[in-house]
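Produce the complete structure using the sequences and hints provided.
Heads up: the sequence lines are chains A and B, in that order.
Residues 1 to 424 in the working numbering are what the first sequence lists, from first letter to last.
Residues 425 to 717 in the working numbering are what the second sequence lists, from first letter to last.
These are calculated hints, taken from the structure and not from any lab test.
Glycine included, each C-beta is placed from N, C-alpha and C at the ideal position.
A couple of the hints might just be wrong.
[What the hints assert, rightly or not] Partial list, derived from the structure: chain B residues whose beta carbon lies under 10 Å from chain A:
#1 A434
#2 N553
#3 D555
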Amino acid sequence: MKRFVKVCGIIFASLILFGGAAIAKEKKAKQTTLKVWSIWSADSESNKAPFLKTIEEYKKSHPEVKIELTMTEAEAYKTKIRTAVAANDAPDVFYYNAGGILKSFVDAKKVLPISDYMSKENMSRIVDGTLSNMTFNGKVYQLPYTLACSVMFVNTELFDKYNVKIPETWNELLKAVKTFKDAGITPMALGGKDRWTTCMYTDLIMLRAAGYDECDKAFYKKTGANFQSAGMKLAAEKFEELIKAGAFPKDTIAITRDESEVPFYAGRIPMYVNGNWTAANCQAASSAVKGKIKAVRFPTIEGGKGNINDFMGGAAEGFCVSSKTKQKEKAVELCAYLAENHSRNAYMAGAGMPTWKMNVDDSKIDPLIKSIVDLTSKASNFLLWGNTALEGNDSETMMDIVSEMLAGDITSTQFCSKFQEILK
Amino acid sequence: MDKIFSNKKAVCVFILPALILFIAIVFIPVFMSGYYSLLDWDGIGKGKFIGLQNYKELFFSKNSSFWPAARNSFLYAAVSIFIQLPISLLLALVLANGVKFEGFYRCVFFIPVIISSVVIGQLWMKIYNTDYGLLNTILRKMGLDNCCRMWLGDKNTVLGATFVPMLWQYTGYHMLLMYGAIKGISPEIYEAAKIDGSGSVKTAFKITIPLIRPMLRVCLTFSLIGSLKIFDLVYVLTNGGPAGASEVPATLMYKTIFLRNRYGLGSAMAVFIVIECLLFTVAIQKIFPKDDE
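This is how it looks when you write it as structure tokens:
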């Protein structure tokens, strides 16, 4: 028994020693380390290289700070960051979406009101209007780095080869779809498994059919919101029409965005509606479609209330600071640095449009990205993507409904009535 | 040996670490989930106590996607029990009877068990791919073009398609358990049976299987519970898609909590899974009582 107690004692003592040493080491490291979480883990992400460049620039100018960077794939990231925030174990600075998605963090007081920690002079360098989805109760909780928008990317080579006019109206779009389909080519790329990719199409169709005001009311659940208006019904019918015309790959519901983009980047699919960040991949040095892609505005819908110069997008994502961070000033400084410098680096790489005022040599900007900037300079309206404007539960419901439609499980009438349930 | 067992203090001390871990990692979280299931909580802010409303919504709401998910998990359980276990049993009987390279086969069948489910999911995703997947390519080469399907994209085939990797992964595990049990049977019984003129099939049915009944019960329990709570394979292969056709309670719970920010409702699903597994385990104990031999 005596020996037994001795052995137990030794085991307990060594456990405490090692445990204590580990905690001490961690405490020491915490003094000069900032944790940064972001998306863009895959090399195919157009934002990855510019972001890593931004991090390196920060490390060079701030040698006393150690950065622990973790990058995760976008869909998996949602779960990861929410779990960490809920467990009060969030990184100091992290990427997140704006709008309704950010609101849940703001309401739970998990993110720092950055405007309280930044000087007016620094804040004034942010482009006007880009903070609207990041400001709650007069305080700014997130800093934007990109002005995103969705456009239709067309492969001019394929359009020329089959003598098809680049569509500006819905009827022209259907004609183009039919011509390509008859030639054995999948007309439009879409990775339905990720669901937000499908929303890229439905958001624009709703915007063209129901118009900006109706969509704005519906996506933000304002008074007067109606998903069963004539415009919304038209949108549902048009989406159904596009699916039935065979515009999308036949296994679209089972492939991810990355998988679905492969044939587009290989020059086998003529049309793709997605965010402006796609431009960087199109124009990458190794891209098979470099120089062949043109960005155009999504076609108008005959009988629709929308304007061809209405754009989906805006400043829909940015960097936040956790309210539980142990180094508030340093974290805010890092956050602002990342937002401003990544804004510039991503723009130079063609992965985004800047949200900070900056002097950039225009001649160095890729022509495709420049053309998108030119298109948006004439924008009449910017509307935040539906699945970002809507909050958590509703956002998921929206993505599920469009997926059910894509899979052919519901009709256009059910589409509208299911959306109407969100408003209850 | 008896001296150690009768020394109550020693027994307590040795059990204590495992018991503490068990309570901390299993018991307490289950009770916490039970408590959370009574809240309307988004997992981040403050929760509101709403009693059994989450359960009401789970079981009785007409929009609830829970019953299709539960039905899918029962299908997984049925396939596990009625297809996987017989295959494992057959393999175990054949191997235990003595074939050349017995040790090699044992190894090979067990390999899928130790490969991570995520890797298996990725592997089968590529096999099932409509354009370049192995399955469709083989079918095309054999001239069976019209048999080609969007295995993971068509809601008619997706469940069947997900059964295959699941069966493939754990057949070796159950086979090994049964093989071990069979090897534990005294060879004298087999010799007696042989003298009495019993062929190998008759021996298998009348002697081997009855004698390994306790192990069969263990395998049945593991198989049933495992398929009721399956998550990783389904998540990687289809994430419950397309449009919920291959949803199981565990993936639904995951989405409800982390994507829909409805921790309370998700916890209710978790509690359901726990209770369901407990009930089935008790049912198995009752249907196959422990032999007194």
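Results of checking the hints against the structure:
Interface hint status for A434/B: upheld, as the beta-carbon distance to the closest one in chain A is roughly 8 Å, under 10 Å. Given hint, N553/B at the interface with chain A, holds; its Cβ is 8 Å from that chain's nearest Cβ, closer than 10 Å. A hinted interface residue such as D555/B counts as satisfied when its beta carbon comes closer than 10 Å to some beta carbon of chain A; here the least separation is about 8 Å, so the hint holds.
Consistency with the previously given hints is maintained throughout, with no hint failing.
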